[in-house]
Amino acid sequence: MANTQKITGADIVIRCLEQEKVKFVFGYPGGAVLHIYDAIYNQDYFKHILVRHEQAAVHAADAFSRATGEVGVALVTSGPGATNAITGIATAYMDSIPLVVISGQVPVPAIGLDAFQEVDMVGVTRPCVKHNFLVKDVKDIALTMKKAFHIARTGRPGPVVVDIPKDITAHLSEFIYPDTVEMRSYNPVTKGHSGQIKKAVKLLLEAKRPMVYTGGGVVLGDASEALVKLVRALGVPVTNTLMGLGGYPSTDPQFVGMLGMHGTYEANMAMQDCDVLLAVGARFDDRVIGNPKHFFNKSRTIIHIDIDPSSISKRVKVDVPIVGDVKSVLAEMNELVAAENPKQSSALKAWWAQIDSWRSKLCLDYDNSNGLIKPQYVIQKLWEVTKGEAYVTSDVGQHQMWAAQYYKFDKPRRWINSGGLGTMGVGLPYAMGCQFADPTAQVACVTGEGSIQMNIQELSTCKQYHLPIKVILLNNRYLGMVRQWQEFFYENRYSESYMDSLPDFVKLAESYGHVGMQITQPGDVEGALKEAFAMKSRFVFMDFITDQKENVFPMIEAGKGLSEMILANDIGAEDL
Amino acid sequence: MRHIISLLMENESGALSRVSGLFSARGYNIESLTVAATEDPTLSRMTIVTAGSDEVIEQIIKQLNKLIDVVKVLDLNDGKFIERELMLVKVKATGAFREEMKRMCDIFRGRIIDVADGSFTIELTGSGTKLDAFIESLDKAAILETVRTGASGIGRGDRILKV
Ligand SMILES: Cc1cc2nc3c(=O)[nH]c(=O)nc-3n(C[C@H](O)[C@H](O)[C@H](O)COP(=O)(O)OP(=O)(O)OC[C@H]3O[C@@H](n4cnc5c(N)ncnc54)[C@H](O)[C@@H]3O)c2cc1C
Ligand SMILES: Cc1ncc(C[n+]2csc(CCOP(=O)(O)OP(=O)(O)O)c2C)c(N)n1
Ligand SMILES: [Mg+2]
Numbered sequence: 208m209a210n211t212q213k214i215t216g217a218d219i220v221i222r223c224l225e226q227e228k229v230k231f232v233f234g235y236p237g238g239a240v241l242h243i244y245d246a247i248y249n250q251d252y253f254k255h256i257l258v259r260h261e262q263a264a265v266h267a268a269d270a271f272s273r274a275t276g277e278v279g280v281a282l283v284t285s286g287p288g289a290t291n292a293i294t295g296i297a298t299a300y301m302d303s304i305p306l307v308v309i310s311g312q313v314p315v316p317a318i319g320l321d322a323f324q325e326v327d328m329v330g331v332t333r334p335c336v337k338h339n340f341l342v343k344d345v346k347d348i349a350l351t352m353k354k355a356f357h358i359a360r361t362g363r364p365g366p367v368v369v370d371i372p373k374d375i376t377a378h379l380s381e382f383i384y385p386d387t388v389e390m391r392s393y394n395p396v397t398k399g400h401s402g403q404i405k406k407a408v409k410l411l412l413e414a415k416r417p418m419v420y421t422g423g424g425v426v427l428g429d430a431s432e433a434l435v436k437l438v439r440a441l442g443v444p445v446t447n448t449l450m451g452l453g454g455y456p457s458t459d460p461q462f463v464g465m466l467g468m469h470g471t472y473e474a475n476m477a478m479q480d481c482d483v484l485l486a487v488g489a490r491f492d493d494r495v496i497g498n499p500k501h502f503f504n505k506s507r508t509i510i511h512i513d514i515d516p517s518s519i520s521k522r523v524k525v526d527v528p529i530v531g532d533v534k535s536v537l538a539e540m541n542e543l544v545a546a547e548n549p550k551q552s553s554a555l556k557a558w559w560a561q562i563d564s565w566r567s568k569l570c571l572d573y574d575n576s577n578g579l580i581k582p583q584y585v586i587q588k589l590w591e592v593t594k595g596e597a598y599v600t601s602d603v604g605q606h607q608m609w610a611a612q613y614y615k616f617d618k619p620r621r622w623i624n625s626g627g628l629g630t631m632g633v634g635l636p637y638a639m640g641c642q643f644a645d646p647t648a649q650v651a652c653v654t655g656e657g658s659i660q661m662n663i664q665e666l667s668t669c670k671q672y673h674l675p676i677k678v679i680l681l682n683n684r685y686l687g688m689v690r691q692w693q694e695f696f697y698e699n700r701y702s703e704s705y706m707d708s709l710p711d712f713v714k715l716a717e718s719y720g721h722v723g724m725q726i727t728q729p730g731d732v733e734g735a736l737k738e739a740f741a742m743k744s745r746f747v748f749m750d751f752i753t754d755q756k757e758n759v760f761p762m763i764e765a766g767k768g769l770s771e772m773i774l775a776n777d778i779g780a781e782d783l
Numbered sequence: 471m472r473h474i475i476s477l478l479m480e481n482e483s484g485a486l487s488r489v490s491g492l493f494s495a496r497g498y499n500i501e502s503l504t505v506a507a508t509e510d511p512t513l514s515r516m517t518i519v520t521a522g523s524d525e526v527i528e529q530i531i532k533q534l535n536k537l538i539d540v541v542k543v544l545d546l547n548d549g550k551f552i553e554r555e556l557m558l559v560k561v562k563a564t565g566a567f568r569e570e571m572k573r574m575c576d577i578f579r580g581r582i583i584d585v586a587d588g589s590f591t592i593e594l595t596g597s598g599t600k601l602d603a604f605i606e607s608l609d610k611a612a613i614l615e616t617v618r619t620g621a622s623g624i625g626r627g628d629r630i631l632k633v
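In the order they appear, the protein sequences are chains C and V.
Take any residue in the first sequence, count from 1 to its spot, add 207: that is its number in the working numbering.
Take any residue in the second sequence, count from 1 to its spot, add 470: that is its number in the working numbering.
Honestly, the hints are just simulated from the structure, not real lab data.
All C-beta atoms, glycine included, are put in the ideal place defined by N, C-alpha and C.
Hints are supplied without guarantee of correctness; some may be wrong.
[Said to hold, decoys possible] Straight-line Cα separation of at most 25 angstroms, DSS-like style, residue types lysine-lysine; simulated pairs: (1) C:K524 to V:K610; (2) C:K524 to V:K600; (3) C:K521 to V:K600; (4) V:K610 to V:K600.
[Claimed, not checked] Computed footprint of chain C on chain V, listed as stretches where at least three residues anywhere in the stretch have a Cβ under 8 angstroms from a Cβ of chain C: (5) 484 to 494; (6) 612 to 625.
[Said to hold, decoys possible] Chain C residues, not near chain V, derived (Cβ > 12 angstroms throughout): (7) K254; (8) H338; (9) D515; (10) S517; (11) S518; (12) S520; (13) K521; (14) R566; (15) D645; (16) A648.
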């Protein structure tokens, strides 16, 4: 697309975003991006969302991407604007979320002179981006933007930073946006090796104790349907990582729950005991398999599908590596399996009997009789009231684990949380991103009184854009996850984990123009949730005063193995 | 085990820091790293000498390949290769030392490239171990200064790393 008329670098940036069909840019202005903001003033290709802190801009763009699959876009100024964005960028990087973050930079001649609001953004972000660029000539803006979007969304997705000095946004050039981009140094593999795929299918069909373990890659690669097809055809048990929830419907009988540190008893036992393991878009994280040595006390054949070769055999040695895009590899596997039309073998029946006996431990049962609001109960009711259809964002801590365990996600891209970096403060901006992505949907932000205060300023953004988010604050007056570890591993020395001097959240919400509610009685939980969700156009902040000392179970201590879980009934949570 | 990894990458500013940053961030060992543009000025060629278990080397190769600017990576240890390093050594060359230094230089097939009143500068190329051996064989007191380039490597015969 050529246009011989010369326009400013700032206008070129806008036109690039238009060409990429960007609908929302989350940002915050400042000196180095003033030309760009001036160009934004005169356009209506996309909507700019003014947040209250650059960290929230990146988180909101990140959630927009998680909810839609599109590339999220954030815009920040140089120096402090850029450094404020770092936590957001690192969060997206750890969970492989495609973003383009545009940062302003001091004018080219001033670079390196410790100019006002100068920070070496390319240097600072290098360890936490998929790639980054410093554009030094107005003529390079369009191609760089094209590459940025291409790199962000292809292969293993990730954030890309484009750092643009102020002077070149004023310089003039023609706008030519290339249709395609070719890079000799970057050509991610998408099609899996068919020999390996055949081998994998054969192993799965012959397995006595097969198990499927899937992660964020299934969600990122939009491969949910193909996964369901394969798992049903094989009749095997399936577990999801924290990042993979919703990739396989949680209410399906073949689903054995989340695995890992706070995974279900049945998922972890099956993971440890299986003889053939199919890992799909999951990276054998330390929170998932526990101690790798213990994992290998039992031998099993591992098949691993991942688009990133470096995810394969990183922490766990794999027998059948398949590098490729999940959707395409699973489709090939489905064809092969369909041709075999497998029947349930007696070995598989016995394996299910074993799994059912693990299930009968009812590891997610909890005692709900002490008259206090149990956080698990709030999440169960949230699931009921929203009919399991809400976007649920979460912050980081105990509440995150309860949301993951008790809200049954049946669809991908509905559970939005920070797994890899575990960033407190994402919850509210994540809810904003989801609500922009799907304006009429129910969006719930499950949070803790610690986490919510890390981006509380966004209550103002929510007011400005009339976002009808429902905040579900599980208020235990503790940095609960920290307190739980101190209880277990530091003999109840609750060092700096009590949250003192909390605000009156009801009044706080009201002062921002929202509805506030405080719920103190278990009997009021369901009614309050119904009341809140009935207010379809209002932002409601629900402060649930929960049982302070509730712990997350099951739990695998750091360094322990998958089958060495602590269960709630082993301990008798009341005695703690 | 010690490995020599050759790679071709886009000759762009910051490319070197992506590689060195990767090694420090992931705690990989780095013995030496040399880099210069190739006959095609848009490409740089880098030689990295590292050490690690097979698993670590496998990860290093994968992580290098993952860098967007990297075009090709080759673990020279996967086949036959030649390794060369250049060293410049300034040594004392007074009295009896003068003859001794000339003799040692000849034995190691070095060249004296600068002669001053009290010193010689010797140029020596070879594998890292040969350069080590030369240093070992000199009287410590005679060494005024040394500088080494780090290894460069190339595959033997038709093992060619090219775009
Ligand atoms: C307090 C806390 C507790 C936690 N406890 C648990 C726990 O109990 N259980 C748990 O599971 N996690 C837990 N986590 C999360 C954990 O830290 C990891 O983030 C998570 O386990 C990683 O999920 P994943 O393996 O699905 O990988 P992701 O980070 O989602 O990575 C996705 C993988 O898929 C690949 N991929 C991407 N796109 C494609 C594609 N198109 N085709 C093929 N492959 C693709 C990527 O290369 C990557 O290897 C916890 C986190 C926190 C903060
Ligand atoms: C930015 C950040 N700082 C510190 C931590 C460490 N951390 C993990 S969970 C947690 C406590 C969270 O408390 P709260 O939000 O009240 O949730 P709860 O665990 O009580 O449900 C802390 C401090 C973190 N994950 N992120
Ligand atoms: Mg708390």
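A quick look at each hint next to the structure:
1. C:K524 to V:K610: Not satisfied, since the Cα-Cα distance of roughly 48 angstroms exceeds 25 angstroms.
2. C:K524 to V:K600: Judged against 25 angstroms, a Cα distance of about 38 angstroms means the pair is violated.
3. C:K521 to V:K600: Between K521 of chain C and K600 of chain V the Cα gap is close to 36 angstroms, so the pair fails against 25 angstroms, i.e. violated.
4. V:K610 to V:K600: Distance ~17 angstroms between K610 of chain V and K600 of chain V Cα, so the pair holds.
5. 484 to 494: Coverage by chain C holds here, the residue count being 4 at a Cβ distance below 8 angstroms.
6. 612 to 625: violated (count 0)
7. K254: 30 angstroms, holds
8. H338: Answer for H338 of chain C: violated, closest chain V Cβ roughly 4 angstroms.
9. D515: 7 angstroms, violated
10. S517: With a cut-off of 12 angstroms, S517 of chain C comes too close to chain V, as the shortest Cβ separation is near 4 angstroms.
11. S518: Violated, because the least Cβ-Cβ distance between S518 of chain C and chain V comes to about 9 angstroms, which does not exceed 12 angstroms.
12. S520: For S520 of chain C, whose nearest Cβ neighbour in chain V is about 7 angstroms away, the distance does not exceed 12 angstroms, so it is violated.
13. K521: At about 6 angstroms from chain V, K521 of chain C fails to clear the 12 angstroms cut-off, so the statement is violated.
14. R566: 36 angstroms, holds
15. D645: Non-interface label on D645 of chain C holds, nearest chain V Cβ at 32 angstroms vs cutoff 12 angstroms.
16. A648: 35 angstroms, holds
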